[in-house]
Amino acid sequence: MRLNRKFFLQIFFILILLILGWAILNNLIINLSRTGIGFNFYWLSKPAGFSLAEQPLRYSPSDTYAWALFIGWINSLKVIFSSLVFATFIGILIGFARLNKNSLIGLISAGYITVIRQTPLLLQLMFWYFVGFLNLRNNTFLNFKHLINFSIQGIDLFGIKFSSEFSALLFGLSIFSSAFIAEVIRGGILSVPFGQWEAFRSLGLSERKGFIKIIIPQALPAFIPGLTSQYLNLAKNSTLAIAVGYSDIYAINDTIINQTGRAIECFIILLSSFLILNLLITNIMGIINKLIIRSRK
Amino acid sequence: MSTKINKFKIFFLSKIKTCILLKPFSFFLNILFLSSIISLLLVSLNWIFFKANWSVINSNLSLFAFGSYPPNEQWRPSLWLVVLTFIALITIYGPKKKWLRKNLVFVWIGTVPLGIFLLKGGFGLIPVMSQNWGGLTLTILITSCSILFSLPFGILLALGRRSSLFVIRKSCSFYIDILRSIPLIAVLFFGQLLIPLFLPYGLEIDRVWRAIIAFTLFVSAYIAEDIRGGLQSIPKTQLEAANSLGLNKYQITRFILIPQSLRVALPALTNQVIGLLQNTSLMSILGLMELIGIGRSILANPEFIGQYIEVYIWLAIVYWILCTLMAFLSKQLEKKMSTNKGY
Amino acid sequence: MESVLIAKNITKSFSKGINALNNVSLNLEKGKVLVVMGPSGSGKSTLIRTINGLETFDDGELNVLGIKIDSNFDEKKIQKIRRRVGMVFQQFNLFPHLTILENITLAPINVQKRNKNEVKEFGMYLLAQMGIDSHAKKYPNQLSGGEQQRVAIVRALALKPELLLFDEPTSALDPERINEVLDAMRILANQGMSMIVVTHEIDFAKEVSDKVLFLDNGKVIEISSPEIFFSNASHERSRKFLNQLDKN
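Protein chains in written order, with our numbering: chain A, 3 to 299; chain B, 18 to 360; chain C, 1050 to 1297.
Quick caveat, the hints were computed from the structure, so don't treat them as lab data. Errors might be hidden in some of the hints.
[As the list claims (entries may be wrong)] Pairs of lysine-lysine, DSSO-like flavour, derived with a Cα cap of 30 Å: (1) Lys211(A) x Lys1268(C); (2) Lys1129(C) x Lys211(A); (3) Lys1126(C) x Lys1268(C); (4) Lys8(A) x Lys266(B); (5) Lys119(B) x Lys352(B); (6) Lys1126(C) x Lys215(A).
Being a predicted model, the structure only gives us computed values, none of them experimental.
Using the sequences and the hints given, assemble the complete structure.
In structure tokens form, the structure reads like this:
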């Protein structure tokens, strides 16, 4: 009796989904044919016709759309992974600082976290780009023995040049994520039972040694899930690159849709890119997790 | 195998280095730190009071609040905002009577259609097109509508993900996983672009509604995950007890599972609301005139060119205040809920 | 007889005027065992934690092994005390990510700067005395509660302490496991270790202690020898408490 009921419920559900799906697709097809575009991927081999400011690999407007999309993918990876490293570094510092609750440094880091977390990322990016780099105009902000140079053209680090769009995005994303990462770090350390702190103190171990040898190893596994979700968020937030004029995969996607009107195909391409990125980050963090567990045994 | 362990040791060592850098904060370092903080503070204060030109904010306050809403009718959005503030105050400081508590939820839900009515017009009020809705009003409208729709949808998704029916379970999982992989701006953009394509020809949906639908689809996936966490935290013994009392699945869900998981998930849900409020700013890239959109258009005005810092700082303050208020509101709600049920 | 611990008028209050400790004074001589008893919340744990600086106090003076501390938290002095005074906790607090042997040798190597091999040998010797040397390479979660607590005792002993503090060492153990830990403590007492033990185990107290201190609401109600305390306690409250314990 029960089996039959469940079976029919599922059939009913599938039917509803199918009807809805058919109605939507039908409208889609009608509308697409009305605009005369159709649905295919052949246009990927046509020349793109637009230029890109950010070119990690050689690109010219006569290259294909497919190549343009690939450049966008590389640009995205560039900014995402640099921001991950930068954000983690800052986040760890702020997270540790936040643990000294009553000192000056603890209060400042608490203030930093609350300001960064409660203002929109877009606003912060616009700040870094328009107020930060573009405002520099003819002045250079920092010129350290001609080795490190911050100016309107971006950052020049020992001869490697980063555009101002990349730099603004790097700073904006890293600082935004660092506030969240700081809370993950702090949460992980606080999750270690208080008895462990008492145990190493009563053995006479100094605060620093105890922190490094006893607390941190036990906090490491607690960091991983929080860090993973922050890294995934960072990857998704990198699409705000379009607001500062950095040609990441979303921005290029956007340009292509404006030029060719191929919204559905580009949507599929964007969706797949992010699914791949998702899998990439989740799997890397999984490997790190296994390494941590293995090193404890 | 050993190179992997070596790489991990390097990762470990770098963490130790940052620890050593911070821990011994000697007297000299403290003085250095303090003096740089004070000089930074002095520079900022100097700029705020003497160098900045705050007229860009003062002369545009109504734009920031209402967008390009016709001046004669601006009492309508302001009325709505006042009503919202009033209800928020009652939620925080109101008397603890039971009838009040029960109906408060419906009152909050009711503010949304009230807002839409006041803003849109019709039925005696002059209709105002959605192109003219903007600023703070639009931000709050998008946020509240999206939350109103995504909460029930998220709950349904969370329950569906636990369903014993294979098809329902897999479709809900699929939906949640896909929506959580895509960046929000893509969902918003494709919402603006694609929703009209999916509708029968002739049925037009306004840009604001497309945005609300896109936000709803996106946020409900995240809400579903938060509620799932809440559902998982309910001990199995409760289900056993409920079952032995003879309650059926629907009753258990309604009386035991949902209230408790909502209570557990409240902090996470608050974060979603705060995130949504901040994310409405993305609509400025897609042409809606919410807070940041208004800011940008003001900066494009030749009268106020180059006054980036004042406008951005003002916007940051507004968002910061709104988010802090929301966090405060939710903490109060948490307190009220726990005292009500007595645990 | 020299004293290992002299406490004079130790007072500690938490906020709202609640006194955790109220003018507690005691004197423990070398080689003697003091058992601290009292209802929950009476300040027993707080008292024992002030001795090695895990808790501060607001008034009074402590003289631990000749080192004097008062209400000012003198970090250096506390560290000196911790190198000579060992502590065993109710929740064992073993380090889960280290093996048993690593747990034991960590402090002697890093704090007392002793030779690695000497410390390892000594650790194995102590484990053998407790009968658990076969577990040396295992991790805490692979041992039973009673075994973990005995490891905790060895961990404290590895520092060659002159005074051992026990904070309800058997309260978190299954009844079958309590005796193995109490036996270990009995042996230590017989070997002349100075010990302060917070416990509810009356039989152990009767057998092993040289003095019993009864605390209630942070105040010392009475200090007497076990013979007097358990058969003919001088205070009304002590007798009430003992009656309640007996019922269990």
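Numbers of unmet hints, in rising order
1
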